[in-house]
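Chemist: The sequence shown lines up with residues 6 to 67 when you count with the numbering used here.
What the hints contain is simulated information worked out from the structure, not anything from laboratory work.
Don't take every hint at face value.
[Stated by the list, open to error] Pairs of lysine-lysine residues, derived as DSS-like cross-links and limited to a Cα-Cα distance of at most 25 Å, are as follows: (1) K33 - K21; (2) K32 - K21; (3) K21 - K38.
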Amino acid sequence: MLIHVLYDDNRYDYVKGFQLDRLLEAKKVQRFKRSTGWVTVGVDPIRWRKSPNYHGVERRAA
């Protein structure tokens, strides 16, 4: 599944889930689109990959 992203330089692209994780860690993405709408990094809650603070069910595809 591809995820629509907006980079820090205002370019749009589609990336795979593992790429989004890396881009988020590198702080290269402003926003990305979920099924519920656009997520703004630094404003909206984001589950980081393998976050020790998240205790819910993992619903993302492996």
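Chemist: Against the earlier hints, flag every one the structure doesn't satisfy and list their numbers going up.
Modeler: none
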